[in-house]
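> Protein sequences appear in the order of chains Z and A.
Per our numbering, the very first residue in the first sequence carries number 1; after that it's consecutive.
Per our numbering, the very first residue in the second sequence carries number 1; after that it's consecutive.
Hints listed in this document are in silico derivations from the structure and should not be mistaken for laboratory results.
Just so you know, these numbers come straight off a predicted model, no measurement behind them.
Think of the CB as a built atom: it goes at the ideal place given N, C-alpha and C, for glycine as much as any other residue.
Take every hint as true, because none was put in to throw you off.
Keeping only pairs whose Cα atoms sit at most 30 Å apart, straight-line, the calculated DSS-like set for lysine-lysine is: (1) A:171 / A:73; (2) A:224 / A:64; (3) A:53 / A:117; (4) A:224 / Z:109; (5) A:224 / A:53; (6) Z:135 / A:224; (7) Z:109 / A:53; (8) A:224 / A:117; (9) A:53 / A:171; (10) A:53 / A:73; (11) Z:109 / A:64; (12) A:73 / Z:109; (13) A:53 / A:64.
Not close to chain A: a few residues of chain Z, all C-beta gaps over 10 Å, as computed: (14) 142; (15) 269; (16) 270.
Computed beta-carbon distance windows for the label pairs: (17) A:283 / Z:221: 55 to 63 Å; (18) Z:53 / A:89: 30 to 38 Å; (19) A:283 / Z:261: 54 to 62 Å; (20) Z:151 / A:60: 40 to 48 Å; (21) Z:134 / A:214: 39 to 47 Å.
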Amino acid sequence: MIDVLYWPIVACIVLVGIHCYLGLHVLMREVIFVDLALAQIAAMGAAVGVLAGLPPDSAVAYFCSLGFTFLGAGIFALGRFRGRRVPQEAVIGIAYAVSSALALLILSKIAVEQHEIESMLVGQLIYVGPGQVAKITAIYAAVALVHVVFRRPFFAVSEAGLNIEGAVRHVRAWDFLFYATFGVVVTSSVQVAGVLLVFSYLIVPAACAMIFFASLRARLIAGWLFGLAGSALGLLASARWDLPTGTAIVAGLGIVFALVVAAHGVRVVRQRFVSSAAPSGADAGHTR
Amino acid sequence: MNHQTCLIASLALAAAPALGARGEVHIVTSTPTLADIARQVGGGHVSVESVMKGPENFHNIIAKPSHMMRLRKADLFIHLGLDAEPWVPLIIRGSRQGHLYYGEPGNVDASRGIALKEVPARGELTRAEGDIHVFGNPHYHLDPLNGVIIARTIADALIAADSPHRDDYEKNFQDFAGRIDALTTRLTERMRAYQGTPIAVYHRSWPYFVDRFGLRQVAEVQPKPGIEPGPRHLSDCIETMERAGARVVITETFNNIRNAEYVAERVGGRAVVLAHEVGAVPEATSYEALVEYNVDALIEAFQAIGATAAPDGSTP
Numbered sequence: 001m002i003d004v005l006y007w008p009i010v011a012c013i014v015l016v017g018i019h020c021y022l023g024l025h026v027l028m029r030e031v032i033f034v035d036l037a038l039a040q041i042a043a044m045g046a047a048v049g050v051l052a053g054l055p056p057d058s059a060v061a062y063f064c065s066l067g068f069t070f071l072g073a074g075i076f077a078l079g080r081f082r083g084r085r086v087p088q089e090a091v092i093g094i095a096y097a098v099s100s101a102l103a104l105l106i107l108s109k110i111a112v113e114q115h116e117i118e119s120m121l122v123g124q125l126i127y128v129g130p131g132q133v134a135k136i137t138a139i140y141a142a143v144a145l146v147h148v149v150f151r152r153p154f155f156a157v158s159e160a161g162l163n164i165e166g167a168v169r170h171v172r173a174w175d176f177l178f179y180a181t182f183g184v185v186v187t188s189s190v191q192v193a194g195v196l197l198v199f200s201y202l203i204v205p206a207a208c209a210m211i212f213f214a215s216l217r218a219r220l221i222a223g224w225l226f227g228l229a230g231s232a233l234g235l236l237a238s239a240r241w242d243l244p245t246g247t248a249i250v251a252g253l254g255i256v257f258a259l260v261v262a263a264h265g266v267r268v269v270r271q272r273f274v275s276s277a278a279p280s281g282a283d284a285g286h287t288r
Numbered sequence: 001m002n003h004q005t006c007l008i009a010s011l012a013l014a015a016a017p018a019l020g021a022r023g024e025v026h027i028v029t030s031t032p033t034l035a036d037i038a039r040q041v042g043g044g045h046v047s048v049e050s051v052m053k054g055p056e057n058f059h060n061i062i063a064k065p066s067h068m069m070r071l072r073k074a075d076l077f078i079h080l081g082l083d084a085e086p087w088v089p090l091i092i093r094g095s096r097q098g099h100l101y102y103g104e105p106g107n108v109d110a111s112r113g114i115a116l117k118e119v120p121a122r123g124e125l126t127r128a129e130g131d132i133h134v135f136g137n138p139h140y141h142l143d144p145l146n147g148v149i150i151a152r153t154i155a156d157a158l159i160a161a162d163s164p165h166r167d168d169y170e171k172n173f174q175d176f177a178g179r180i181d182a183l184t185t186r187l188t189e190r191m192r193a194y195q196g197t198p199i200a201v202y203h204r205s206w207p208y209f210v211d212r213f214g215l216r217q218v219a220e221v222q223p224k225p226g227i228e229p230g231p232r233h234l235s236d237c238i239e240t241m242e243r244a245g246a247r248v249v250i251t252e253t254f255n256n257i258r259n260a261e262y263v264a265e266r267v268g269g270r271a272v273v274l275a276h277e278v279g280a281v282p283e284a285t286s287y288e289a290l291v292e293y294n295v296d297a298l299i300e301a302f303q304a305i306g307a308t309a310a311p312d313g314s315t316p
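Sequences and hints are given; from them, build the entire structure.
Below you can see the structure in the form of structure tokens.
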């Protein structure tokens, strides 16, 4: 069975690498659903490409999809207006719903490509081959390079949170560049893994890591380990019970998150106990 | 008002619409394949349109208002029956045309008289198995001889709706049946060199076709549509194909061709897209062209990988 799981496993490792990192940004920015929205905009771009008669899977079609993603990135960068009369999550939510609907409307006119709708959501991780893994690895490496080079402004903008004005110079340009690189990653990874798995890879490892660690380095390393643990859990379950691989990994990541939250809860309770009833606290914590 | 109208009205009891202004029977079908057969049987006395386009999957059509509007003008609505098209009951109800309801003469179930395959035995019926069809596999129109049975059903419906042209419909049916018989004989002859050749299918749409032309289906890549197979299923599927020497994977236009190609690559074979409907591929311009295209494409795939039970030069 390992022969069919070999490339999906490699793909998981690559996906965990970039998504955990970007997830830390996303959580810092508190724009959780931006990836869903961008993924959906990318899918709409792909549908537009098909409507325009571009051959599916071609480079032109990919850039068509990417073009729409950049458009979305531009909208989200502008969405952080001074005063924030409209929360950015609202802009993201609107973009998600409208681009989903438009993608469906376009696909309903084309008749073919129905599998696009299905695989958009759950993905087809089991069919990943060396070609696709090589492609996403190259794309993610390029994005990672951009992020290493510009790590200071990127993190400054992400950490600024709501007080974005004045945090960095050219803040909107950096914001756009962030969303653009983010869009490049999501456009590629959704094709391989589907929206659900990409969302989980972004949020779960980063959220687990942020519960326990404060420094970026520690969060990144912990996030990778949590991501790999969730993937391993999902892959094992998929192999053991013959379940769809991508979906099983989402469940595996969910279990990891539940365990982390439980462990954190135990720790918090124990600390409170220790601080309030000093001497006997240690014993009570022990018996749990 | 002409006498045909009176006849229909008396037959249908409900307020049936008048036959078209030019006295044509207006037929709406669920699929383009049924439309093509209806056109051939109806000849000059009918106008025909299909709800579905060619390349779609008839399991997954979303009922639209335009479908219902189309049905409003129909004297006959022909559909695949069984549980093939979950959207059909919706658009029949939405059309509010009493004469098209189930059991009424305007509602023509094309599966009548077909010897269905993969009918679940009593007691083992469970939706947990995913894409199980309660009444049997509904892809019966891919066997050309079932096409003749469909044509007979349509001819009977037309005669009931428009009896003055009975002789024409009978003659059109006889001609159609003759053409299909000749075609089937010719294609069976061409496929003789590949008798018993093992193949795999991406989805279980092909048992009628496979049996008609003497092939042997050994594996299914994706038994549940839309859900990726588990690793053991996929691994078993590849292993079964290797053991049986199956190197061709049949798939349809609405599936991701890359998935079938993935499996084909693993066994050193190739994936081939066959036409599941008239219009699914540009070559499938009619029912006969569809059947011929499927045989051609399959033979081409067999030849490309050099798979043949008895290689000979007699294939025309």
